[in-house]
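Asker: One line per chain: the protein sequences are Y and P, in this order.
Note that the working numbering has the first sequence beginning at 1, numbered continuously upward.
Note that the working numbering has the second sequence beginning at 1, numbered continuously upward.
In case anyone wonders, no lab produced these hints; they're calculated from the structure.
The beta-carbon is built from N, C-alpha and C at its ideal position, and this holds for glycine as well.
Careful, some of the hints might be misleading.
What the hints assert, rightly or not - Which bits of chain P does chain Y cover? Going by a derived footprint, with three or more residues having C-beta under 8 Å, they are:
hint: 1; stretch: 30 to 41
hint: 2; stretch: 106 to 116
Said to hold, decoys possible - One side only, chain Y facing chain P, incomplete, derived with CB under 7 Å:
hint: 3; residue: I6
hint: 4; residue: T8
hint: 5; residue: K224
As the list claims (entries may be wrong) - If you only want the chain Y side, here are some residues facing chain P, beta carbon under 10 Å, derived:
hint: 6; residue: A64
hint: 7; residue: V65
hint: 8; residue: C230
hint: 9; residue: G231
hint: 10; residue: H232
hint: 11; residue: R265
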Amino acid sequence: MEAPTIATIEKSVDEAEEIRTIFIRHTMQAKPGQFVMVWVPRLNEKPFAISYLEKERLGITVAAVGECSRRLYEMKPGEKIGIRGPYGEPYHLQENQEKDHIKDRMVVMVGGGYGSASLTLLAEEALAKGMHVKFILGAREKKRLVYVERIKKLVGEENLLITTDDGSSGRKGFVTDALRGLIEQGETIDKVYACGPDKMMKAVAELCTAHHIQGEISMERWMKCGFGLCGHCCVDPLGFRVCVEGPVVSFATALQVKELGAYHRVQSSRKEKL
Amino acid sequence: MKNPTMLASGLVGISGAACVFAAQHGAGAIVPKSIGPREREGHNNPILVEFQGGFLNAVGLPNAGVDQSLSELEFAMKHCADKGVPVILSLFGGTKEEFGEVAKKLSTLNPAMLEVNLSCPNTASDFGRAFALDAQHAADVIRIVKQNTMAKVSAKLAPNVPDIKEIARAVVEAGADAITATNTMPGMVIDVATGKPVLQNKEGGISGYAMKPIAVRCIYDLYKTVKVPIIGSGGVTTGNDAIEMIMAGATAVQIGTGIYYRGIEVFKKVTEEIIEFMKKEGYTSLHEIRGLAHK
């Protein structure tokens with residue numbers, strides 16, 4: 001039934017400046033890359049990537065950017081929210097469930113800002129399947145980096161590359177600079193997964209495509225229903241629904257989406273430049 | 001039309017590309033989301049919630065405004081035409097004059113038909129009572145739209161009226177070339193854990209399974225009352241649903257919520273099921289089926 005299930009907030013944990021993860025008691029069968037709709041009764045309902053997926057607990061990471069996300073950010077344990085999902089197409093570690101032997105393959109996660117939420121879950125799954133994971137984590141500045149300790153513990157310090165635009169942590173520059181570095185070093189990379197701001201994902205998809213490396217991005221667009229009916233997240237010019245046919249799409253598809261990195265639609269459906 | 005299924009206005013058709021997406025998946029005609037005189041955000045989320053018999057929606061007519069929407073609609077019309085799929089432009093206004101103004105601007109695109117949304121149940125707080133609830137008001141709107149366009153005009157009526165036949169007679173007399181029957185039915189869903197209505201707009205319009213018998217009854221009544229074509233809308237999910245509406249008197253059927261139940265391919269599936277039904281029952285044309293329930 002496409003209706004919110006009411007869940008109680010168990011705890012909320014600071015991740016970075018104005019970014020928190022709220023944990024709720026909720027059991028959900030979901031895959032990395034899928035998202036949920038979170039309802040703040042009588043205010044609004046917004047899509048969020050799942051950032052922690054445990055047996056009876058679910059975490060979503062919230063940046064206090066709008067009215068609804070700020071209210072979620074400030075919620076205390078014991079408060080109630082509605083949740084529905086999971087929705088959307090997840091990441092694919094293997095192309096073909098049956099025949100693809102993925103053990104020992106090298107995958108690179110490229111996360112910008114709190115876009116790393118879904119990639120952290122994906123990294124967990126990849127490691128559990130015996131794959132090698134390198135994680136490039138970027139943000140504008142040190143205080144906006146999320147999940148640093150968590151990822152370090154997960155992939156090992158040597159496999160975590162941090163970049164910040166201002167050099168306040170890790171290497172100064174963009175995640176794409178670090179990715180280009182890996183590629184130019186001759187590192188064998190089987191697949192790259194990216195999630196973050198539009199322009200970052202587009203740059204990653206272009207860079208990888210130029211080097212014949214396949215991969216996927218997770219797109220973000222203004223979503224309303226989350227299950228393919230309202231059409232609000234349809235993208236130009238292909239017209240597919242980010243909430244059903246996405247949010248995860250291949251680099252090849254992403255590069256056909258001409259609005260990626262260029263514009264998006266606001267609540268009314270009017271186009272707005274990014 | 002290459003088949004009798006249409007994308008209903010209000011769902012999916014938010015942009016030119018979205019309309020083409022539905023056409024690629026088999027829709028015989030496309031009705032984009034309703035366009036108004038100026039930009040509207042629509043309601044905050046949740047805008048859609050499911051219940052046992054269907055969905056309840058209050059999207060609130062978000063649109064970029066007619067001036068900003070023309071290029072999107074032009075894209076839809078051009079690329080749908082390439083596939084042999086006509087685009088029927090849906091419009092609304094807050095006042096009778098605004099309907100005329102929007103119709104005039106949309107008509108610069110030379111659409112085959114305009115669908116006049118007289119009946120959105122979810123904008124009462126902005127626009128007051130829907131025009132479709134009153135024969136005189138509904139007829140006035142159709143008359144003004146007709147004065148502002150050369151296109152054929154379909155009046156989209158509301159099911160929640162004491163006598164839909166009276167409204168239909170009035171709009172046809174005012175010049176409507178077709179009737180779309182019907183819009184959604186007002187309803188509400190309350191979450192009992194929080195004691196709050198789920199939709200941000202509190203009330204919404206019922207679509208999906210629960211709407212079908214309501215729409216079928218309206219179409220049946222209208223077929224006896226007016227001579228213009230009737231476009232059926234409300235709960236069509238299968239070929240049998242479409243056949244049922246056509247037997248009641250519909251010329252074509254619109255599909256919206258059915259996209260949830262059967263995927264965006266619902267248009268193709270329903271068309272195939274209609275053909276299968278006709279083969280099995282020995283019909284060679286929809287004309288033989290149309291209005292059959294009246295014979």
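Asker: Now tell me if each hint is right for this structure.
Answerer: Evaluation of the provided hints:
no.: 1; hint: 30 to 41; result: holds (count 4)
no.: 2; hint: 106 to 116; result: violated (count 0)
no.: 3; hint: I6; result: 4 Å, holds
no.: 4; hint: T8; result: 10 Å, violated
no.: 5; hint: K224; result: 5 Å, holds
no.: 6; hint: A64; result: 18 Å, violated
no.: 7; hint: V65; result: 16 Å, violated
no.: 8; hint: C230; result: 6 Å, holds
no.: 9; hint: G231; result: 4 Å, holds
no.: 10; hint: H232; result: 6 Å, holds
no.: 11; hint: R265; result: 7 Å, holds
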